[in-house]
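For the protein sequence lines, the chains are C and F, in the order given.
Numbering that gives the first Met the number 0 puts the first residue of the first sequence at 0, with every later residue one more than the last.
Numbering that gives the first Met the number 0 puts the first residue of the second sequence at 0, with every later residue one more than the last.
Think of the hints as simulated: they come from the structure by calculation, not from any bench.
Certain hints may be false.
To be verified - Simulated coverage check for chain F against chain C, where a stretch passes if three residues somewhere in it have a Cβ under 8 Å from a Cβ of chain C:
#1 140-152
#2 247-256
#3 350-364
Fair warning: this is a prediction, and the values are worked out from it, not measured in the lab.
Cβ atoms here follow ideal geometry from the backbone N, Cα and C, with glycine treated the same way.
Number of protein chains: 2
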Amino acid sequence: MVSQELEDAFHPRSIAVVGASGNPASMGYRYVYHLIHNGYRGKIYPVTPHWSEILGFKAYPFLRDIPNTIDYVICCLPASKVIDLLMECSAKGVKVVHLYTARFSETGREDSVEMETELLQRARRCGVRLIGPNCMGLYYPREGIAFSYDFTTEPGTVGMFFQSGGACVEFIHQAFLRGIRFSKVISYGNALDLNEADFLEYFSHDRETEIIASYIEGVKDGRRFLHTMSQVAPLKPVIILKAGRGGAGARAVASHTGALAGSLKVWETAIRQTGAIQALTIEEMLDIVTSFYFLPPILGTRVGIVGGGGGKSVLSADEWEEAGFNVVPLSPEIEDEIRKRLPELWWGWLRNPVDISILPEDALINNFGGEVLRMMAKSPSFDLLIANISVSAPFANDELAAYLSKEVDDIIDIVRNEPKPLAVILDTGALNIQDFDHLRWRCLAELKSRLVAAKIPVYSSPSEAANAIIRLVNYYRRRKNIRSY
Amino acid sequence: MVSQELEDAFHPRSIAVVGASGNPASMGYRYVYHLIHNGYRGKIYPVTPHWSEILGFKAYPFLRDIPNTIDYVICCLPASKVIDLLMECSAKGVKVVHLYTARFSETGREDSVEMETELLQRARRCGVRLIGPNCMGLYYPREGIAFSYDFTTEPGTVGMFFQSGGACVEFIHQAFLRGIRFSKVISYGNALDLNEADFLEYFSHDRETEIIASYIEGVKDGRRFLHTMSQVAPLKPVIILKAGRGGAGARAVASHTGALAGSLKVWETAIRQTGAIQALTIEEMLDIVTSFYFLPPILGTRVGIVGGGGGKSVLSADEWEEAGFNVVPLSPEIEDEIRKRLPELWWGWLRNPVDISILPEDALINNFGGEVLRMMAKSPSFDLLIANISVSAPFANDELAAYLSKEVDDIIDIVRNEPKPLAVILDTGALNIQDFDHLRWRCLAELKSRLVAAKIPVYSSPSEAANAIIRLVNYYRRRKNIRSY
Numbered sequence: 000m001v002s003q004e005l006e007d008a009f010h011p012r013s014i015a016v017v018g019a020s021g022n023p024a025s026m027g028y029r030y031v032y033h034l035i036h037n038g039y040r041g042k043i044y045p046v047t048p049h050w051s052e053i054l055g056f057k058a059y060p061f062l063r064d065i066p067n068t069i070d071y072v073i074c075c076l077p078a079s080k081v082i083d084l085l086m087e088c089s090a091k092g093v094k095v096v097h098l099y100t101a102r103f104s105e106t107g108r109e110d111s112v113e114m115e116t117e118l119l120q121r122a123r124r125c126g127v128r129l130i131g132p133n134c135m136g137l138y139y140p141r142e143g144i145a146f147s148y149d150f151t152t153e154p155g156t157v158g159m160f161f162q163s164g165g166a167c168v169e170f171i172h173q174a175f176l177r178g179i180r181f182s183k184v185i186s187y188g189n190a191l192d193l194n195e196a197d198f199l200e201y202f203s204h205d206r207e208t209e210i211i212a213s214y215i216e217g218v219k220d221g222r223r224f225l226h227t228m229s230q231v232a233p234l235k236p237v238i239i240l241k242a243g244r245g246g247a248g249a250r251a252v253a254s255h256t257g258a259l260a261g262s263l264k265v266w267e268t269a270i271r272q273t274g275a276i277q278a279l280t281i282e283e284m285l286d287i288v289t290s291f292y293f294l295p296p297i298l299g300t301r302v303g304i305v306g307g308g309g310g311k312s313v314l315s316a317d318e319w320e321e322a323g324f325n326v327v328p329l330s331p332e333i334e335d336e337i338r339k340r341l342p343e344l345w346w347g348w349l350r351n352p353v354d355i356s357i358l359p360e361d362a363l364i365n366n367f368g369g370e371v372l373r374m375m376a377k378s379p380s381f382d383l384l385i386a387n388i389s390v391s392a393p394f395a396n397d398e399l400a401a402y403l404s405k406e407v408d409d410i411i412d413i414v415r416n417e418p419k420p421l422a423v424i425l426d427t428g429a430l431n432i433q434d435f436d437h438l439r440w441r442c443l444a445e446l447k448s449r450l451v452a453a454k455i456p457v458y459s460s461p462s463e464a465a466n467a468i469i470r471l472v473n474y475y476r477r478r479k480n481i482r483s484y
Numbered sequence: 000m001v002s003q004e005l006e007d008a009f010h011p012r013s014i015a016v017v018g019a020s021g022n023p024a025s026m027g028y029r030y031v032y033h034l035i036h037n038g039y040r041g042k043i044y045p046v047t048p049h050w051s052e053i054l055g056f057k058a059y060p061f062l063r064d065i066p067n068t069i070d071y072v073i074c075c076l077p078a079s080k081v082i083d084l085l086m087e088c089s090a091k092g093v094k095v096v097h098l099y100t101a102r103f104s105e106t107g108r109e110d111s112v113e114m115e116t117e118l119l120q121r122a123r124r125c126g127v128r129l130i131g132p133n134c135m136g137l138y139y140p141r142e143g144i145a146f147s148y149d150f151t152t153e154p155g156t157v158g159m160f161f162q163s164g165g166a167c168v169e170f171i172h173q174a175f176l177r178g179i180r181f182s183k184v185i186s187y188g189n190a191l192d193l194n195e196a197d198f199l200e201y202f203s204h205d206r207e208t209e210i211i212a213s214y215i216e217g218v219k220d221g222r223r224f225l226h227t228m229s230q231v232a233p234l235k236p237v238i239i240l241k242a243g244r245g246g247a248g249a250r251a252v253a254s255h256t257g258a259l260a261g262s263l264k265v266w267e268t269a270i271r272q273t274g275a276i277q278a279l280t281i282e283e284m285l286d287i288v289t290s291f292y293f294l295p296p297i298l299g300t301r302v303g304i305v306g307g308g309g310g311k312s313v314l315s316a317d318e319w320e321e322a323g324f325n326v327v328p329l330s331p332e333i334e335d336e337i338r339k340r341l342p343e344l345w346w347g348w349l350r351n352p353v354d355i356s357i358l359p360e361d362a363l364i365n366n367f368g369g370e371v372l373r374m375m376a377k378s379p380s381f382d383l384l385i386a387n388i389s390v391s392a393p394f395a396n397d398e399l400a401a402y403l404s405k406e407v408d409d410i411i412d413i414v415r416n417e418p419k420p421l422a423v424i425l426d427t428g429a430l431n432i433q434d435f436d437h438l439r440w441r442c443l444a445e446l447k448s449r450l451v452a453a454k455i456p457v458y459s460s461p462s463e464a465a466n467a468i469i470r471l472v473n474y475y476r477r478r479k480n481i482r483s484y
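If we strip away everything but chain C, and leave its shape as in the complex, we get (with noise of 0.2 Å):
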C-alpha cells in the first residue's frame, strides 16, 4: 500500500508548490522553474499570499484558495507553519507532502524535536503521507519532476533514494557524465514518516528501476529494510552507501539527518547477509552502478586486456589481480592467429596484457591491438575484455586523434558485434579551465563521449574497473548459486 502511495506520488496530475517565491534565489522559486523546465504536463499551483504570479503561473495565497485538486505539495515553508499546512493538505486531500522545509531533529534542539514529532503525529491523523523533512524530494525524468538544475528528462534504468540531498545532486552529475539515467530519484532526508524500508520496497516492485542505488545515514526500521534487501538483491541489484561509519561521521549525521548511525558491524553484516553490495564512497558507488548499467550479467574472472604501453599493461595486469580478475594467458588459437598476421612476432612476445609498443610500426598505426581485442571478443577464453585507451603514445597531438581515434572505431566496432562484456579506461584528466581549448585534452574527451554515446562503461583507472566490476561479478554468482538451489 505504501508503494501505491508513492506510485501516485511520482503520478500527481497537479502539483502546489507552497511557500512558493518569485525570488530567483530561493527554493519556492526553483521548484517552480524545475517543473516549468522540465516540462511537467500536470497543472502546477505556486502558493504563497505574498506574490500573485510566479514565471507565469497564477499564485494563490493559500491551499484552499486553489479551484482544484490536488495531489501533490512540495513545501518550502518554515518548519513552524508546516503543522497548519497539514491541515489544510487533509481538507483538500493531499495525499504526499515532500518537505523541504528543514530545521527539525537534525538541529538537535529539544524544541525542534518536539516540533517532528507532532508533526508526524499530526500527518497520520491528517492521512497524509511525508517525504522529508529536510531533503530535496522527488526526481522523475519521465514526469518533468526535477529538484535541480541541469537534471535530464531522459529517463534510464537506476533508482534512488538518498538520504542526503547534496550528495545525490553530486552523484545524478557525475553520474550523467557516464551515460547513466535514472528511473525515479528521491532525496528523503530525516525519514520522518516515509522511509528507506518504504523506498526500497517501492523500488523493488517498479517496472522502471533495474538499478537501484542508496546512501543511507540511519535506518528507520531496519528489520523491514533487511528482509525487503534480502527479497530484492537475488532480483535486482542494489548497492548501498552507508555513511556515519565512525566516531565523527555518526557526530556528523546527528547533525545532518538527525538519525542515529547504528553499529558499523551490525549493520555490515546485515548488508552482506542480504547479498546487496556495499560502497565506501560516492565515486566507488558511481563505479559500481556504471558496471551494472552497462554491462550484462558476467559469471567468470578471466580478463584480456588490451592497449597502452609496457607499463599500462604491467599495472593492469597486477591491478586486475589483485581485484579477483584471472589475467589468462592468450588461448593457442589466438596466438596462432597472431602468428600468421604478424609472422615477425612468431615466437609469443605479444601476450595478455596486449602492450600495443611492441607492436611492429606498421601493425601500431593500423591498431593491430584492435585486431586482437576482436580475436579475443570471439574466444570462448575471456568473459569480460578491457580496452586500455592508448593516451601515452609518443605522437604528436594530431596523431594521437588520428591514432585514438582508429582505436576507439575498433572499440565501438566490436561492442556492436561481438556479446562479448568491454569496459574502457580512459583518464580525461581533471581539467583547469586552459585546458579546454588543449588539442590532447579535447582529443581524450570526445572520445569519452562516442564511448559512452555507444553505451560502453569508461573508468579512470584499471584499479577503480576491476574493483567495480568484481563486485558485479560477485553479485551474478551469488545471485546463480542461490537460484541454483
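Keeping the supplied structure of chain C fixed, place chain F upon it in accordance with the hints.
Then chain F, alone, in the frame of chain C:
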C-alpha cells in the same frame, strides 16, 4: 662518480640524434623536434645518411662526420646497429648514450638477450654509459630536453626515474594538470647499464630535486638501491610504485623491460624499512606527490573540514577518520566566535565537518563557511584544513559560479595569510566534449585553475586526499623520530 656522469648527461653542450629522420611520424624526427621546440641551447646534430637536413638542421651521415665534440647521444637506430654506434661514440668521446632503441632482452629471444649482453660489454670497454635500452630517456625542463609533446619547460622540484616510458608520459601529463613541475625525469627501460640505484643516488644529491618518485618493475642492484634509499628517505620523500606484483604482472614485466619482478613480500618489507613511501597505482602516486609538492611538513592528524552539504560532511568525517585522521570537535573558542557572529546558531549545531547547508541563508551566501575556515586556520587546534568546494549547492549555474567563486576567493586569501596547511576537494568531472560548453563544468574548471595557480593542492575526492596526506604525515613523523634519536 656515476652521479657526475649523470650530471654531465643532463648538461650536454651538444646532442646528436642518431637515426634521425625527416619523417614526422618517427622518433628520429621527434627527438630533434623536442630539442628545438623546448629551446635546447646547445648544438643539435641530426645523424642519418638518408636525409641532408632535418627541421632546418644539417644532418650528418655518421657521428664521425660531425666537426665538433658530442656530449650526449640519443639513439634511434635499430637494435642490430647499436654496437657499431658505440665504437663511434667511443672514438668521438661521447660519455652517455640514451638508447631509445628497443627489442633486446624484453623480447625474450635468446639472440636479443645475447645482443644486449654484448652491448653492455662493449659499452664498458668503450667507456660509454648507457640509459636504457628501450626507454624514452631524459626530460630536463631547465635545459630544454624532453621526450614527448607538450612537456613544459617550467621547472619544478619533482625528480623521477620511471622504468616505463608510457607510464612516465601519462604521469607527467596528469601531474601538469595539478600544477606539479619537474626537476629532472629519467625513463630508463631495461636498465642495462645505469640502473635504479644510480638514479636514486643521483637524485639524492641533486639540489634541484626535493621529492623523488619512481616506477620500478625490477631492481638490478637491490643491495645498493636499498642502502641508498635508507640514506635518502630521511632527507627527501621518495615515493615508489612497484609494478609486476602478481603472477600476470611479473610475466608482463618480462615482456616489457626484461626485468625480474622478484618477491613482492621481500621487496615491500625492505622498502618499508627504508622509510620510502609505497604507492600501488599511478593515480595514488599522483595524489601522494601532489601532497608533498604543495603541503609543508604536517606532524599531527587533527583535521578541520569545511564546505559542501550534509552528505559531503558525513562522508568526509568517515573517509578522513578511516584514513587515520582525527576529525576533532570545534574548540570552545571557535564555538564562542560562531555564537558571536551568528547568534541564531547559539546552541552549537555547527560542527566539524562544517555543513554549510545548515547556515541561515544570508550567512551561506556571504560564505560564513569561509569565516569558520579562517577561524580554524588561526586556531592551534587543527593540524590540517580541508575545504570541500560546495559543488552540490542547489543554485542555478550563474548563482553557483558566483557563490563558489567567493568560496575560492576566501580559500586563497586564507592560504596567503595563514601558515596552516590546507587542501581542497573538487571533482571537476570526467568530461565529454559537449560538457566543455556547459556552465557548471566550465565554472568548476575555472575554480580549479585559480586554486592550482595559487599553489593549493586539489584532489578529486575526500578518500583520495586523506589516503595521500596521511602518508605525508606518517613520513614526517618517522623522519622526526629518526632525527631526534
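Results for each hint:
1. 140-152: holds (count 4)
2. 247-256: Satisfied; 8 residues make the cut.
3. 350-364: holds (count 7)
Checked against the numbered hints above, the structure breaks none of them.
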